[in-house]
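Number of protein chains: 2
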Amino acid sequence: MADIARERVESWRSRMHAELHQNVVPFWMQHSLDRENGGYFNCLDRDGRRFDTKKHVWLQGRQVWMLSKLCGADPSRADTSRTEISRTEISRADISRADISRTDISRADNSRAGPSRAGPSRAGPSRAGPSRAGPSRADLLDAATLGARFLREHARREDDRVYFSLTRAGAPLALQRKIFAECFYVLAFAEYARASGDDSYRELALSELDAILRWIDDPTPLGRPRLRGQIATSELAVPMILLNLVSEVRGAPGSPTFGDREDYDRIEARCVASIRRHFDRERGLVFETIGADGSRLDSPEGRLINPGHVIECGWFLLDHARRVQDRELTRDALAMIDGALELGWDREHGGILYFLDSEGFSPQQLEWSMKLWWPHCEALVALLMAWRETGEARWFERFETVADWTFEHFPDPEFGEWFGYLDRRGVVSQRFKGGPYKGCFHVPRALFLCERELRAALGLG
Amino acid sequence: MADIARERVESWRSRMHAELHQNVVPFWMQHSLDRENGGYFNCLDRDGRRFDTKKHVWLQGRQVWMLSKLCGADPSRADTSRTEISRTEISRADISRADISRTDISRADNSRAGPSRAGPSRAGPSRAGPSRAGPSRADLLDAATLGARFLREHARREDDRVYFSLTRAGAPLALQRKIFAECFYVLAFAEYARASGDDSYRELALSELDAILRWIDDPTPLGRPRLRGQIATSELAVPMILLNLVSEVRGAPGSPTFGDREDYDRIEARCVASIRRHFDRERGLVFETIGADGSRLDSPEGRLINPGHVIECGWFLLDHARRVQDRELTRDALAMIDGALELGWDREHGGILYFLDSEGFSPQQLEWSMKLWWPHCEALVALLMAWRETGEARWFERFETVADWTFEHFPDPEFGEWFGYLDRRGVVSQRFKGGPYKGCFHVPRALFLCERELRAALGLG
Chain A
-12 MADIARERVE
-2 SWRSRMHAEL
8 HQNVVPFWMQ
18 HSLDRENGGY
28 FNCLDRDGRR
38 FDTKKHVWLQ
48 GRQVWMLSKL
58 CGADPSRADT
68 SRTEISRTEI
78 SRADISRADI
88 SRTDISRADN
98 SRAGPSRAGP
108 SRAGPSRAGP
118 SRAGPSRADL
128 LDAATLGARF
138 LREHARREDD
148 RVYFSLTRAG
158 APLALQRKIF
168 AECFYVLAFA
178 EYARASGDDS
188 YRELALSELD
198 AILRWIDDPT
208 PLGRPRLRGQ
218 IATSELAVPM
228 ILLNLVSEVR
238 GAPGSPTFGD
248 REDYDRIEAR
258 CVASIRRHFD
268 RERGLVFETI
278 GADGSRLDSP
288 EGRLINPGHV
298 IECGWFLLDH
308 ARRVQDRELT
318 RDALAMIDGA
328 LELGWDREHG
338 GILYFLDSEG
348 FSPQQLEWSM
358 KLWWPHCEAL
368 VALLMAWRET
378 GEARWFERFE
388 TVADWTFEHF
398 PDPEFGEWFG
408 YLDRRGVVSQ
418 RFKGGPYKGC
428 FHVPRALFLC
438 ERELRAALGL
448 G
Chain B
-12 MADIARERVE
-2 SWRSRMHAEL
8 HQNVVPFWMQ
18 HSLDRENGGY
28 FNCLDRDGRR
38 FDTKKHVWLQ
48 GRQVWMLSKL
58 CGADPSRADT
68 SRTEISRTEI
78 SRADISRADI
88 SRTDISRADN
98 SRAGPSRAGP
108 SRAGPSRAGP
118 SRAGPSRADL
128 LDAATLGARF
138 LREHARREDD
148 RVYFSLTRAG
158 APLALQRKIF
168 AECFYVLAFA
178 EYARASGDDS
188 YRELALSELD
198 AILRWIDDPT
208 PLGRPRLRGQ
218 IATSELAVPM
228 ILLNLVSEVR
238 GAPGSPTFGD
248 REDYDRIEAR
258 CVASIRRHFD
268 RERGLVFETI
278 GADGSRLDSP
288 EGRLINPGHV
298 IECGWFLLDH
308 ARRVQDRELT
318 RDALAMIDGA
328 LELGWDREHG
338 GILYFLDSEG
348 FSPQQLEWSM
358 KLWWPHCEAL
368 VALLMAWRET
378 GEARWFERFE
388 TVADWTFEHF
398 PDPEFGEWFG
408 YLDRRGVVSQ
418 RFKGGPYKGC
428 FHVPRALFLC
438 ERELRAALGL
448 G
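Residue numbers (my numbering), protein chains in the order written: chain A, -12 to 448; chain B, -12 to 448.
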């Protein structure tokens, strides 16, 4: 961090800490816990009100993971340099048409649409309520337990498949022909076992991981047989999430569970090789879908670029490369992050575009030009890791560009947490804080990891 | 039409005719026909260039239907009052970021985004090329045959399931756990049998319709067993498409196939009763999903309103009510169309919103605020039918409001056909003319039916 003033770094660290503990985690602790049935309500409107009682297993698992992770954070990290701001320093976010009065829907009064700016203030975090250090470890563990028990009781079938969604009481609602619900079940229990000290959750995580590994090799039991016209493909999401999963199951170097299975190294190496096949080094592009033989596919799926996904993948690889001391992998990961931001950053309106076609055709995804919260979260983490890895000021400067846009557009200073879905111009399109794909995960994970990187840079360990 | 000047009506009739035959049908005749493998390329970029060679069966079937329908149009309808406009009278549509040069993608130059206005001219149609009467009946039948044979050869499995998509050569690519591909197969062959005189296609349509009716009663063979937490629901799309399908299979009153199966009346009555259960008369709202017992569901699915869908359903009902002389059904259909337009019309930016939540929550669909071509197409038809049915000038005036916005925003005067996907402000979001869900169907059907209604109003039969 030679070229970056220490106070700039400290200012961002302090902001990440305050945003996490004052504005984000309290929202979930206050609104999501279902004390009656267990688990979490994850469909929460702007102000925390429930608009659906379904429980989406991806988000139940991710919230268990996040709360458990926060339990494990070193208590000495409690922030002491928090900057305070008054509520009036932050302009109220104007929100979209969806904010019309609930009883006024028949009038379709669209007059309230307008630019959403939470204010460009660098002074400090947006916040939901009175300043405080955030929930205690006991509260976090209690909340994590609420979700872990619910998942344990309701999410997994006898054949190890994990449901996609459940009713409020835990009855199955939907099952996907994919392995991602299973992955977040593993993620949750690996971390919860560490936080709670209850090893039975670790056993559940490991047995489910085994099932996932079997299905990756033979997806037939998932129920989507390959039709005659289909070719075998490789999806970036699979090796990427598996790499992250194995890393999470192992735990940090030095943890008691690290390296206790001989085949972890082999699985990780396989994931890395598979991800690299998606990378076109010459063009700096990572494709979401390629042929199983590594070939490029000239179709909308084959040309699809998801910059946020690539950036997330980039920091998974940086993290892995750091651990296994692979300099060439570090270089590839940096090139992936660089290429995805170069392509995905919207030079006209700012922010990261959701989908692009590598040859410039219109993506088929209707939401291609929207600005979603999670690619921005991933970019914050990736850019700080890239900076720490290289020591080059340009990565920190890029981090600040993305962070400025992110903090100007996503946080909700009035009710806490972040908006998730903005249109291309940065206007809030969906006002809810939690939905089927947004929960207590990307925002707090990014804030948590960004603070970790910034602390390390400051020599705070 | 007492209150509406005859020249206004004639001007719109002439415009619909010219748009259909000069700007829309030629685009598909020029770019979609696959002379090598049969069937149609339906993924076509703005200028007609293919961006994918997949063949989506919904669109193959719809194109066969449309071309066959145009074959059957009375040749005396050839337009004689066509207005001519020079190319320069229409401002070039500015298109979105997706229009960046294909080789320049790595620069992510977004500077070309801007409002898309095809010009507010009422002078005449946008067009793709030199003025002409459009393809001959022989050419249309030849093109319909190309698609019908391809579908007959490749689309249907032995168990009567119909694939969702095929490769260019006809090998199966995807199968949905829904009945809509089957419906468009029936639609195609019912009309193609009439256009070609080949009754074997009518037999195929009828046997597939029988299979659809069986699956509506027992969807088990579709492969999506009901999980314990799910409740039985009724989806508006099912009775709605079935009502249209039976009407199409019967043919127009006086046609040789009309009324040749005794149970048609019974099926239609069941569809109408089912659709009516989705209608909340007091609020004027039609819900996409209700409980199978008719109950309202307090969930995002249960609160979902799709105004374009309701408007389309409205004209299906108007058409049916006209035939069976049911005045009460006419009143309900008018109220549905009225309520959907009242709720769905965007008072700020104009155009019809794609999805809404009846209680004012943010819809979960990321594309909720986009302006899609097809709801506008359906509204043009519905409003003219409502006008003809009631004789009330307010329906014609509403038609003109929607038609003005539609013709200002969707047609592409440079390359023909219409853009399909605009953002809330009316800027083109996706530049392609054909994709997995847009083909040779809604635009030409609406123009064809609008001209039919306008001719009838003018006493041209």
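No lab work stands behind these hints: they were computed from the structure. None of the values given here were measured: they were computed from a predicted structure. One or more hints might be untrue.
[Unchecked claim] In silico lysine-lysine, BS3-like type, Cα no more than 25 Å apart, as pairs:
#: 1; chain 1: B; residue 1: Lys165; chain 2: A; residue 2: Lys41
#: 2; chain 1: A; residue 1: Lys165; chain 2: B; residue 2: Lys165
#: 3; chain 1: A; residue 1: Lys165; chain 2: A; residue 2: Lys41
[Stated by the list, open to error] To give a feel for the contact side, a few chain B residues facing chain A, derived at Cβ under 7 Å:
#: 4; residue: Tyr251
#: 5; residue: Ser286
#: 6; residue: Gly289
Using N, Cα and C, we set each Cβ at its ideal position, and we do this for glycine too.
Here's how the hints hold up against the structure:
At roughly 23 Å between alpha-carbon atoms, B/Lys165 and A/Lys41 fall within 25 Å of each other, so this suggested pair holds. Taken as a hint, the A/Lys165 and B/Lys165 pair is honoured in the structure, with Cα atoms around 19 Å apart against an allowance of 25 Å. With a CA separation close to 19 Å, the supplied pair A/Lys165 and A/Lys41 stays within the 25 Å bound. Here the hint on B/Tyr251 is broken, as its CB sits about 34 Å from the closest CB of chain A, past 7 Å.
Given hint, B/Ser286 at the interface with chain A, holds; its Cβ is 5 Å from that chain's nearest Cβ, closer than 7 Å. At its closest, the beta carbon of B/Gly289 sits 9 Å from a beta carbon of chain A; the interface hint therefore is violated under the 7 Å criterion.
Against the hints set out earlier in the document, violations occur for numbers 4 and 6.
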